[in-house]
Amino acid sequence: MKKERKLDTPLTEKVRRSLRAGDRVLISGTIYTARDMAHKRLVETINEKGKLPFDLRDQIIYYTGPTPAREGEIIGSCGPTTSVRMDKYTPILLEAGLGGVIGKGQRGSDVISALRKSKSVYFAAIGGAGALLSTKVKNAKLVAYEDLGCEAIRQLKVLDFPVIVAVDTYSRSIYKR
Amino acid sequence: MLVIVVIRIKDKVIRIKVKTITEAVAKLCIKANYELPKDVIGKIKEAKDKEKSELGKYCFGQIMRNLRIAKLKKIPICQDTGMVIIFVEIGQNVHITGGRLTDAINKGVKIGYKKGYLRSSIVDDPIFARKNTGDNTPAVIHTSIVSGSKIKITVVPKGFGSENMSRLRVLKPTDGAEGVEKLVVDTVKQAGANPCPPIIVGVGIGGTIEKAAMLSKQALIRSLNTHNPDAKIAELEKRILIKINKLGIGPQGFGGSITALSINIETYPTHIAGLPVAVNIGCYVSRHASVIL
Chain A
45 MKKERKLDTP
55 LTEKVRRSLR
65 AGDRVLISGT
75 IYTARDMAHK
85 RLVETINEKG
95 KLPFDLRDQI
105 IYYTGPTPAR
115 EGEIIGSCGP
125 TTSVRMDKYT
135 PILLEAGLGG
145 VIGKGQRGSD
155 VISALRKSKS
165 VYFAAIGGAG
175 ALLSTKVKNA
185 KLVAYEDLGC
195 EAIRQLKVLD
205 FPVIVAVDTY
215 SRSIYKR
Chain B
-11 MLVIVVIRIK
-1 DKVIRIKVKT
9 ITEAVAKLCI
19 KANYELPKDV
29 IGKIKEAKDK
39 EKSELGKYCF
49 GQIMRNLRIA
59 KLKKIPICQD
69 TGMVIIFVEI
79 GQNVHITGGR
89 LTDAINKGVK
99 IGYKKGYLRS
109 SIVDDPIFAR
119 KNTGDNTPAV
129 IHTSIVSGSK
139 IKITVVPKGF
149 GSENMSRLRV
159 LKPTDGAEGV
169 EKLVVDTVKQ
179 AGANPCPPII
189 VGVGIGGTIE
199 KAAMLSKQAL
209 IRSLNTHNPD
219 AKIAELEKRI
229 LIKINKLGIG
239 PQGFGGSITA
249 LSINIETYPT
259 HIAGLPVAVN
269 IGCYVSRHAS
279 VIL
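So the protein lines, in turn, are chains A and B. To get the numbering used here, take the position in the first sequence, counting from 1, and add 44. For the record, in the second sequence the residue sitting at position 247 is 235 according to the numbering used here, with numbers rising by one throughout.
Heads up, some of the hints might be wrong.
Under the rule of at most 30 Å between Cα atoms (straight-line distance), these lysine-lysine pairs were calculated in the BS3-like manner [to be verified]:
id	chain 1	residue 1	chain 2	residue 2
1	B	K38	A	K47
2	A	K50	B	K61
3	B	K45	B	K234
4	A	K185	B	K234
These aren't lab readings, by the way, just hints derived from the structure by calculation. Here the structure is a predicted model, which means the values were calculated and not measured.
Chain B extracted, bound-state conformation (with noise of 0.2 Å):
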């Protein structure tokens, strides 16, 4: 019996090096770290012109001087050069060869964080010994298998300043829009001046709690010149990120107009019976840097 095989062209196997990926991950340490994106800055602006309190705009005054300054030097834009999170998309036609993704994604980091004099920021044990790593690995590395034949790796050096104030519940089904605004705005409150105001909320809902955890974060990376597609959400953006502005907490919780410069909201699916919200805060220093191999 004759066997026909047919491969089509798209779905042929494109081999990646491990080598590619380390070297890929170093760089965007380093870029992530010395120079905001686009988005980021043009946001920054933007709440300084709006900024009403002298001490506020003082503080978007150095703000602006911080960020050239990094990026002219090449310093690191905050000391706090965090733990970095990985989001690695692979195509499905791609074979990753020569060793191991994790291996090659955590050689990638402490290579960019020697080079880049980035601060080790990463204890082995979190409970008892704390020790420093010294390489500031492992990173948090999220993997996810996409149509294609390229890699897209983000990397998302993390501040913990904000990342501490950060919360996660799962409220009642009929807790609604009111319930989730409740718990943004109430997050935002407690943490008041430690997350370096002006903040950004990256808020993920529904799900299980890791997926609303993991949504999340990836709110917090979604450009800020964007809005969530569906237009109720898009909504819930506006008014939240309003409200979130009228209390007054300011630009590093000196009081001013500006307390966050965008609340971004990524959802999923849920159960009937929950409603899982995760409230990650970001600072301004909003660092994140992708490329495609």
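Pulled out of the complex, with its shape left as it was, chain A reads as follows (with noise of 0.2 Å):
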């Protein structure tokens, strides 16, 4: 099996393009997460035309909601959650400029088109391993919608964090259908 690739984030589209299906990635730098409800705020906010909480420019949003963090701990259980649910909010992230998306399962059409037309890319993390996946976790910190507990949207700092490329930007998915 090839080597795992060392990307840093964010993940300019010089750097996207050269991904393909398959490969493995370890990823470190800045990432956010935001899951179903916080999904549904941001696209709100960019149709109302309003200032978004953080600039999406070749960043990339992590699906997950983690358990709480025990005292002294940087983040709790940390895998990613069922992507296909963000779908619908998917394509217009993407086109705001959203750089690639973590999370797990397949995508729809929609999304696999969506990420070609912004080449940008889909990584699956691996879905269950929560407790390996937080130790890759530098720092988190609250950005925005804390009143969605553990669907807030935080900004993490990780090192090293292990995902494969699953729709790359020319449409070629992991995925069998």
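Got two chains here, each in a separate frame; can you build the complex from them with the hints?
Spelled out as structure tokens, the structure:
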């Protein structure tokens, strides 16, 4: 198997285009957590032409709702949640400049073509590996929507966060249908 | 007239305090979320050796590492610490004292989820407000009265990545084993990568719709080292497992030889006019823990 490739965020278009479905990647830098409710709010803000809580350009959103951190720990268990639930919002965020997303499971055809159009990448993390993935998070900071609890948007600093390119910028997918 | 009342010793009423139940539930919630049952770990290891695809092998490596870290660091295996399903089998000679059983169980969930740093994932109103209850209550509680003088409590934190992919259909009586097989395989195929394969499939067949659903959940937590005692059903379990693994979905849906670790079927008599079948999908993080009080 090919060696893992190390990447730093933000992910430039050039880097994104060099990725291929099936590549193993270790991501370092900043990523943002968001799941169902946060997506709904982000898209509402875009539709109302409001100010987003963070600049989406070339950034990565990670679909996760972590468990509470123990005292002295940075974060709790933080594996990916099922991506398909975010499908109706993802194309809008990609159009607004988002460079990539991390989740698990198949995406709909609208997302796959939106990824191609915006030259962005869908990564898959290993579902159920929340304890392992928590060790890759070096800092966590609340960014927005505190009222959503575990679903709030957090900025994570990650080091060698392991993912697999699930859908690349050429609409190639790792998932069989 | 002389009336002689004979109380057989084995029918003597045993008192169990609700506090004991609360404490047991709290402990089980934590234990179940940090550590998988031995039969599940055994099946994962077995599957790891059988998996042929490179990415599949990589997944199994990460899965095993994750289980070790969770146990060692006392951190939940998966961030979706689930909706809690609780089976309470109450011996008919037991008298529960000091409060309501339901309250005692929910209090246990609340304490366990707080003390164990587990995620609160329950919303109060399923349709409109969907406000988080903040303590992962209420649990889904199934009580049954059994013989004896003890209480058995089984705590099952169920993640919704897999619960979302489950299905219930009432087939025609003449659809038979073939119909069941087709429904189960189709459900798994449709679910694809979403329920975090390798999965465990619990199938409940017969009864009414709610009986079939209940059986499917019970099937899901039956030991993975067992088959249904009925030889024909055991055969069906084996046959469907082979078919599912031939789908090639593989670990995490990345393609591979192992899509499911096990398929467990439980049955019940049913009506002449129907054949209810419930397919409950569980991910490989199949959490459950029991205690006998």
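A quick look at each hint next to the structure:
no.: 1; hint: B/K38 <-> A/K47; result: 23 Å, holds
no.: 2; hint: A/K50 <-> B/K61; result: 27 Å, holds
no.: 3; hint: B/K45 <-> B/K234; result: 17 Å, holds
no.: 4; hint: A/K185 <-> B/K234; result: 44 Å, violated
Checked against the numbered hints listed earlier, the structure breaks hint 4 alone; every other hint is satisfied.
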